[in-house]
Every structure is written in C-alpha cells, then in structure tokens.
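*Asks:* Given next are the chains, with one letter for each unit.
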Amino acid sequence: MFNPQLTPEGHLKHLLTIEGLPPAILFQILDRATEFEAVARQEVKKVPHLQGKSIFNLFFEASTRTRTTFEIAAKRLSADVINLNVNSSSQSKGETLLDTVDNLSAMQADMFVVRHAESGAAHLIASHVGPDIHVINAGDGRHAHPTQALLDMYTIRHFKKRFENLRVAIVGDVLHSRVARSQIHALTTLQVPEVRVIGPKTLIPRNVERLGVRVYHDMVQGLKGVDVVIMLRLQNERMNGALLPSRDEYFKYYGLTPAKLAHARSDAIVMHPGPMNRGVEIHSDVADGVQSVILKQVTFGIAVRMAVMSLLAAPMPHSAA
Amino acid sequence: MFNPQLTPEGHLKHLLTIEGLPPAILFQILDRATEFEAVARQEVKKVPHLQGKSIFNLFFEASTRTRTTFEIAAKRLSADVINLNVNSSSQSKGETLLDTVDNLSAMQADMFVVRHAESGAAHLIASHVGPDIHVINAGDGRHAHPTQALLDMYTIRHFKKRFENLRVAIVGDVLHSRVARSQIHALTTLQVPEVRVIGPKTLIPRNVERLGVRVYHDMVQGLKGVDVVIMLRLQNERMNGALLPSRDEYFKYYGLTPAKLAHARSDAIVMHPGPMNRGVEIHSDVADGVQSVILKQVTFGIAVRMAVMSLLAAPMPHSAA
Amino acid sequence: MFNPQLTPEGHLKHLLTIEGLPPAILFQILDRATEFEAVARQEVKKVPHLQGKSIFNLFFEASTRTRTTFEIAAKRLSADVINLNVNSSSQSKGETLLDTVDNLSAMQADMFVVRHAESGAAHLIASHVGPDIHVINAGDGRHAHPTQALLDMYTIRHFKKRFENLRVAIVGDVLHSRVARSQIHALTTLQVPEVRVIGPKTLIPRNVERLGVRVYHDMVQGLKGVDVVIMLRLQNERMNGALLPSRDEYFKYYGLTPAKLAHARSDAIVMHPGPMNRGVEIHSDVADGVQSVILKQVTFGIAVRMAVMSLLAAPMPHSAA
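Chains as they are written, first to last, in my numbering: chain S, 1 to 321; chain B, 1 to 321; chain Z, 1 to 321.
One should not assume that every hint holds.
Unchecked claim - Below are the BS3-like pairs computed for lysine-lysine, each with C-alpha atoms no more than 30 Å apart in a straight line:
| no. | chain 1 | residue 1 | chain 2 | residue 2 |
| --- | --- | --- | --- | --- |
| 1 | S | 46 | B | 46 |
| 2 | Z | 45 | B | 45 |
| 3 | S | 46 | B | 45 |
| 4 | S | 45 | Z | 260 |
| 5 | Z | 296 | Z | 260 |
| 6 | Z | 45 | S | 45 |
| 7 | Z | 45 | S | 46 |
| 8 | B | 161 | S | 45 |
| 9 | S | 46 | Z | 252 |
| 10 | S | 45 | B | 45 |
| 11 | S | 224 | S | 201 |
| 12 | Z | 46 | B | 45 |
| 13 | S | 45 | S | 224 |
| 14 | Z | 46 | B | 46 |
| 15 | Z | 45 | Z | 260 |
| 16 | B | 46 | Z | 260 |
In short, the hints are calculated from the structure, not lab data.
All of these numbers come straight from a predicted model, not from anything done at the bench.
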C-alpha cells in the first residue's frame with residue numbers, strides 16, 4: 001500500500017501520522033533518540049547534524065509549548081529555525097495555505113513543522129511540497145500528533161524495557177484527542193497486547209474497538225492490573241459543553257487519584273502529554289508522585305524530535321560522517 | 001548631488017530607495033546576488049560574512065513574509081538576528097521612534113531592516129544613526145521598497161539576460177504601490193527602453209509619465225508585445241472603497257487571464273511581488289502557468305537580500321577573506 | 001544568613017535581588033563586564049562562553065526592550081535563546097507557573113531570565129528549579145530589577161571611577177519603582193556615602209530612610225551638590241491617578257530641566273533607565289545634553305548582562321579555557 005510518509009525504498013520522508021508506519025521505522029526513531037538523549041547531558045548540548053538547514057515552525061494554531069520543543073530540538077541539531085505564527089500574517093491577507101507553503105518552499109526551506117486546527121493539513125502540505133522538503137505533523141485537528149505518541153513510546157520503553165507484555169490504559173477525552181489516536185496506533189504497531197481506553201460514553205469515539213482497543217467506562221475496572229496509565233488533557237472548552245456535567249463530576253469519576261491508581265500494578269507509571277489540569281483529570285498527589293513520569297516525557301520529547309528531524313534530513317548521518 | 005545612501009567614495013552605505021542610485025551599484029548588487037544564489041544550493045546553506053554582526057528587524061508594520069526573507073538572508077550570512085515588532089512595545093510606552101533607534105544603536109546594532117507605514121521613516125532613521133550602522137528600507141508607506149525592486153531586476157536579468165531591449169508592463173494599483181515606484185526607478189536606471197504602467201485612472205498617479213513611463217488604461221493595448229508583465233497586489237482595503245467598482249469588475253478589466261496574457265510576447269514572463277489575490281488581479285491559470293516566475297522571485301529575493309546585507313556590512317569581503 | 005542567590009561556597013547561583021549580596025560579588029560582576037565591554041567593540045562581537053546552553057527568556061509581562069538586551073547578551077555569548085511570552089500560551093491553558101517552569105526545566109534549560117508582574121516570582125522559580133538551572137530576575141512587580149541596578153553601578157564607576165566619595169540622587173516615582181529599590185541596595189552595598197531620593201510625598205515609600213537614604217521633596221534642595229542624578233520613569237498609568245495632579249504639574253516640580261540640573265555639581269552625570277517620557281520627567285535638553293549618559297547605560301547593559309550570565313553558567317570560564 002502506498003504510504004506518502006515513506007520513500008519507495010521505505011525510508012521516512014515525512015512524519016504525518018503513526019498509522020501505517022512499519023514497526024521498524026518506529027524502532028529506528030526510538031533508537032536514534034537514545035543517542036540524542038545522551039547529547040542533552042553533555043556540557044555543550046549541540047550536534048552538527050542539521051547545520052545550514054532551514055527549519056520552519058509553521059504554526060497555524062498557537063502552541064508555545066510544542067513549538068518550543070521543536071525549536072530547541074532543531075537548535076541542538078545546529079539548524080536555523082524560523083518561527084511563523086501564521087494566523088496573524090499571510091492568511092489574513094487572503095493568501096491560501098498552499099501559496100504560503102509555496103512561498104516558504106521557494107526560500108529553500110528544508111523542513112516544515114506544521115500545527116494546524118484542520119485535520120489533514122500536514123498531509124496536504126506534504127503532498128504539495130517539492131522532493132527535498134520534509135514535513136512533520138505537530139498536531140492537526142483531531143487527527144494525529146505523531147511526535148507526541150513517539151515520545152510516549154520512548155518513555156514506556158525506557159521504564160518498561162519492552163512492549164510485548166504490557167497493559168496500557170488511555171484515560172479521558174479520547175473523542176477529541178489527536179494524541180490518543182496516535183498513541184493507539186503506536187501501541188498496536190509495537191505489539192502491545194492490551195490497550196484500553198477509559199472515559200465517559202460522550203468522550204469515547206464510536207467503533208473505537210476497531211482500532212484494537214478495549215473500552216471501559218469505569219476507572220476501577222479499566223485501571224485494574226495495567227502497567228501504564230496515560231491521562232489525557234480535558235480541554236477547557238469541553239467542560240462547559242453538553243458533553244460533560246461539570247468539572248467536579250468529571251474529576252469524581254475520571255480524575256486520577258491515588259485511590260484509583262492503586263488498582264493499577266504497583267509499578268505502573270503515570271503519563272500525561274501536558275499541560276495538566278490539576279484537580280480536573282489528575283490529582284496533584286499523582287501528578288507529583290513517585291509513579292509519575294510526566295516530566296521525563298518532556299525531556300525525552302526533545303530527544304525524540306531531534307531523532308525525527310535528523311532521520312528526515314539525512315537518513316544515515318553516521319555513515320556520512 | 002548628495003545621496004545619503006552612498007559614502008563619499010560612492011560605496012553603498014544604506015539602501016533606502018532605488019531613486020538616485022547609479023547603475024553600477026545596482027549591477028554590483030545583482031552580481032553579488034548571483035554568487036549567493038549558488039550558496040542556497042549547497043548542502044550547508046551558510047557563509048560566514050556577517051558572523052558576530054547584530055541585525056535588527058525593526059518592523060513597525062506587520063509583515064511576516066518580508067521579515068522572514070530578511071531573517072533567512074541574515075542567518076545564512078551567519079549574523080545574529082533580533083526580531084522587533086515595535087507597535088506593541090516601546091511605541092506604546094510613549095517612546096519616540098528616534099529614541100527607540102538610539103537605544104537599539106546603543107546595543108551595538110550593525111544593521112536595521114526597517115518596515116514602517118510612514119513614507120520616509122527609513123530615511124529619518126538613516127540620517128540619525130551613527131556612522132557604523134547601516135539601514136535597509138524594507139518598505140515605507142507608499143514610498144519605496146528597494147529590495148523588492150532589486151529582486152525583480154534580478155529575476156528579469158535571469159530570464160531575459162539584458163535590460164536594453166525590453167518592454168516591461170506594470171499592472172494594477174500603481175497609485176498606492178511602493179513596489180511599483182521602486183520598480184520604475186530600477187527599470188529606468190537600468191536603461192529599459194520602454195516601461196508601461198497599466199491600470200484604471202483612479203489607481204494611476206497623476207504625472208507618472210515624468211518618471212519615464214507610458215500610461216495605458218486598457219490591458220490589451222498595454223500588454224501588446226511586452227517581454228515582462230509585473231502584476232501588483234490589489235490591497236483588500238481598496239476594493240471596498242470609492243476607487244474601485246468591485247472585485248469582479250476589477251478582475252474583468254485588469255485581472256491577468258490567459259486571454260489577456262496572449263497579447264504579450266509569447267516568451268513573456270509574469271511576475272508578482274506576492275501575496276497574490278487569485279481571481280482578483282491574477283487568474284490561477286496564469287499564476288501557476290509556464291510563464292509565471294513568481295516563485296523564482298521569492299528564491300532570488302533571499303540571494304538579493306544577502307547581497308545587499310553583505311555589501312553594506314563589508315564592501316569587499318572577498319579581498320578581506 | 002542564608003542567601004538563596006549564593007552557593008554554600010559563596011558563588012553566585014541566581015541573580016534575584018541586589019539586597020544581601022556581598023560587595024565582592026557586585027565587583028566581580030562589574031569587573032567581568034569590563035572584559036565583555038571590549039568584546040562589543042570587536043569585529044566579531046561573540047565569545048564562546050555559553051555555547052550549547054539553552055537560555056529561556058520567560059516574560060510573563062511584555063518588555064521588548066529588556067528582553068532584547070538579554071537576547072543580545074546571550075547570543076553574543078553563543079547561547080541558544082528561546083523567547084517565551086507566557087501570557088498568551090500555557091498560562092491561558094490553566095497551567096500553573098511552576099508547572100510551566102517544570103516543563104521548561106525538563107527540556108534541559110540552563111537559565112531562565114524571568115520578568116513577572118508579581119513581586120517574588122523569580123524567587124519562587126529559583127527555589128523550585130533543579131541544582132543546574134540558574135535564574136535571573138529581569139524585573140518582578142515593584143520588588144527588584146537587579147541587572148538594571150548593576151548596569152547603573154557600572155555606568156557610575158565608568159564615569160566617576162569610585163563609589164566612596166559620591167552623592168547620588170534618585171528622582172521621581174520611587175514608590176512604584178523596582179529599579180529604584182535595586183539601585184538603593186546597590187549604592188549602599190558599594191559604600192556610596194550619600195544616597196538621596198527626591199519626589200512628591202505620594203510617590204516616596206514610607207520609612208524609606210531605613211534603607212539608608214535621605215528624603216527630599218524639593219528638587220533644588222535634593223540636587224544640590226550631587227555627582228549623579230538618576231531619573232526614574234513615570235508610569236503613564238500613574239499620571240491620571242489620584243497620586244499626581246497632572247503631567248504639567250509633575251514636570252514643573254520634578255521634571256529635570258537644565259535650570260534644576262544646574263544645582264548639581266557641574267560634572268554631575270544624568271541617568272535614566274528608559275524608556276523616557278520627554279517633557280514629563282526629563283527635558284529633552286537634559287536627555288540629549290552633555291551630562292546625559294543615558295545611551296551609555298544601554299551599551300553597558302549588554303556587557304553587564306553578559307557578565308551575569310557567564311558568571312552564573314560557569315563561575316570561572318577563564319581557568320576552564
């Protein structure tokens with residue numbers, strides 16, 4: 001099957017979604033990230049891999065946090081980074097998305113990191129750019145957020161060593177979450193035998209079982225015996241809507257408290273993509289507790305983004321070095 | 001005649017306007033840009049010419065696109081770039097323009113790239129700064145946009161090899177266009193024998209013939225036999241005003257369609273400074289057609305801006321190297 | 001007494017406030033800045049001291065000017081700089097200040113430059129971050145602005161050579177000024193024998209004498225015989241409030257005119273932290289006059305910030321080099 005993310009030889013050309021990527025590619029990224037994790041502990045946290053490359057952070061939707069992680073990753077690879085918040089500029093002048101992309105491409109861009117409120121925007125851009133330009137999806141609508149899923153896989157492997165014997169629960173607003181969608185694809189691709197989603201009926205997509213997950217509406221049942229608990233962020237805008245009764249109600253049933261976490265395995269790790277709503281989807285005692293690996297996710301996220309960028313820009317920098 | 005852009009020895013000190021620059025300076029910039037165009041095709045797209053220099057993008061008027069081209073150009077010259085959108089900061093604290101400039105100068109700025117809504121702002125700044133600081137006008141009011149005109153000349157020379165035998169038409173809202181004004185000065189300085197401006201009477205400045213151009217109000221007449229068609233952007237704010245009947249009406253008479261373009265020479269090139277209003281001043285079949293060199297203009301724009309910056313910062317880097 | 005800014009060995013770990021810092025630390029910073037002042041006059045204005053370090057400009061309150069000086073200082077030290085204007089991002093997503101800091105720390109930040117509207121914000125962050133992260137207070141509420149005070153001390157030493165025989169007057173809105181508070185601590189720490197504050201009763205803090213200053217409400221009396229006049233910025237928002245009758249009234253009594261300045265020593269220097277309100281707290285003839293050293297303050301500010309950053313990041317770079 002044709003995969004627009006891969007070259008005919010099977011190398012990574014764009015990173016748009018986890019769906020359809022072979023396990024070997026995921027492991028290649030995770031392994032490369034392991035090398036870069038060591039770089040971050042050096043006195044000089046830089047490598048020359050992307051020297052002279054121009055990387056455009058093309059954010060059609062504001063996200064300082066995600067943009068910052070890509071900016072740091074690119075700078076540690078010695079790239080030149082240009083930040084573009086596009087809402088306020090060309091788009092308001094009536095230029096189309098693809099005209100904007102064509103123009104930036106004509107400036108000899110090497111890579112676009114794209115965040116967009118519309119699902120499919122990164123795919124559209126990837127299908128449009130020339131053969132020397134690489135596209136990374138940094139979140140598109142409700143569709144995908146592949147680097148987040150990859151850093152989550154990196155975190156799981158770091159703490160659990162392997163994927164083949166794990167039970168993983170994803171908890172919360174799965175319906176609106178591009179993070180959850182990418183995590184599910186990554187976990188199933190990596191052969192995690194049991195992936196669960198837990199949440200109220202209004203926040204679980206219909207037919208999600210087709211993706212290879214089990215659905216739970218009860219936290220205690222869903223968390224029983226799991227090795228990994230991944231909490232999702234509850235968007236503020238959902239809380240006042242028809243989908244949820246109230247913040248307090250949500251926290252009572254789906255907020256991760258020490259009591260609920262006790263139903264997971266005693267060595268279970270707790271993850272969250274951030275930013276957290278303390279007291280809404282997670283209790284501070286859990287967020288700051290010994291089982292939380294939330295800040296490690298952030299650290300690993302830099303290494304994983306460096307890995308993706310360096311693989312896209314130069315498939316085999318080591319042999320070239 | 002005293003020209004504030006030139007040193008007593010006739011070297012370029014600031015780039016404020018094309019008007020009054022000798023042809024030799026324009027050719028010097030175009031020739032230097034040819035060297036930098038090759039840099040952009042290298043694996044590492046950087047040269048050390050401006051290492052350790054501090055370049056301030058001083059944008060009093062928002063323009064992500066123009067700012068980005070200068071930022072890329074400066075970074076490829078290894079300069080340190082500081083982006084300042086000044087509306088929202090010092091100006092709102094009641095500091096005057098020249099106090100802002102004095103302060104940034106005191107931070108040992110080497111170069112200011114200035115975009116301002118008022119005509120003459122770049123000149124004012126250039127007349128105020130110390131002898132070691134260079135100013136580039138990145139667009140001031142309706143007055144001038146010299147780097148845009150230079151990249152247009154570069155594009156014309158690239159495709160037409162020489163200027164002495166050309167007919168060039170500039171089409172659209174000449175009245176409000178700093179781009180058109182700079183293009184006319186550049187074309188006449190470079191000895192283009194026939195420069196035409198085409199547009200409705202309400203959008204052509206009175207007495208524009210004094211600049212050495214012929215005025216046409218009819219597209220078919222104006223495009224007949226030309227080698228180069230330069231379309232201008234129609235500002236959205238004009239469309240609802242008293243100057244124009246409607247977008248559709250404008251497109252009917254002055255929008256560049258394949259049918260109208262057929263009146264130009266068959267090897268004519270089509271240019272546009274961007275961002276385009278498709279379906280207003282230009283038909284997509286032309287914008288994306290074989291005669292369009294619009295994206296090449298963007299590419300050449302980086303090389304031309306590198307050339308201007310490197311000439312200002314160090315008149316003879318090659319002999320110094 | 002425990003000082004959170006110092007290591008147990010007495011080295012500078014954070015720069016949060018001048019209060020409590022030993023004179024030796026202040027002199028160490030001023031001496032280091034002298035070295036960096038020379039760097040700024042080099043052809044290539046860069047040194048490698050902070051290569052590969054990640055410095056975050058964490059501005060919870062907008063200040064292009066101050067942010068720019070830190071950005072330039074960090075880039076001249078070869079650091080990677082990430083600018084974060086935090087109002088518009090994570091904070092609006094409901095993330096707490098310390099969660100934001102934890103996240104950025106997890107990205108292996110080396111240094112935070114913090115500007116915040118709340119007094120104590122930088123202290124809070126410094127007390128929270130890990131042992132390898134350094135915090136610089138770039139202004140917190142009405143509390144402190146230590147790098148401004150240090151560059152003022154540098155300026156005074158540059159022009160007056162020593163501190164032990166000086167009379168210094170600080171004029172204006174001392175009540176709301178973090179700059180004034182830091183200046184008073186710096187001047188008294190450096191053994192300036194006479195520090196005066198001058199202003200209307202409504203803008204002088206009660207009991208300010210306890211800090212070791214003399215209070216004057218009359219400009220002529222207060223300026224008599226002083227070596228240094230430090231003007232403070234009058235915040236626009238004060239002018240319409242109950243604290244002040246009117247701008248004109250304020251200028252009449254406390255605006256620094258040539259006539260009032262004549263009461264100071266004939267070789268007195270005039271300083272201002274900027275941005276100035278000409279015609280409110282200072283007359284243009286003074287601001288631009290021969291006694292004004294206001295732009296030198298800006299120049300020295302870069303060197304002083306480079307000194308602080310380099311001392312925090314590596315206490316003894318010379319022995320390491």
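*Asks:* Now look at each hint and say whether the structure bears it out.
*Replies:* Tested hints:
no. : hint          : in the structure
1   : S:46 - B:46   : 18 Å, holds
2   : Z:45 - B:45   : 22 Å, holds
3   : S:46 - B:45   : 18 Å, holds
4   : S:45 - Z:260  : 54 Å, violated
5   : Z:296 - Z:260 : 22 Å, holds
6   : Z:45 - S:45   : 22 Å, holds
7   : Z:45 - S:46   : 21 Å, holds
8   : B:161 - S:45  : 48 Å, violated
9   : S:46 - Z:252  : 57 Å, violated
10  : S:45 - B:45   : 22 Å, holds
11  : S:224 - S:201 : 19 Å, holds
12  : Z:46 - B:45   : 21 Å, holds
13  : S:45 - S:224  : 41 Å, violated
14  : Z:46 - B:46   : 18 Å, holds
15  : Z:45 - Z:260  : 40 Å, violated
16  : B:46 - Z:260  : 55 Å, violated
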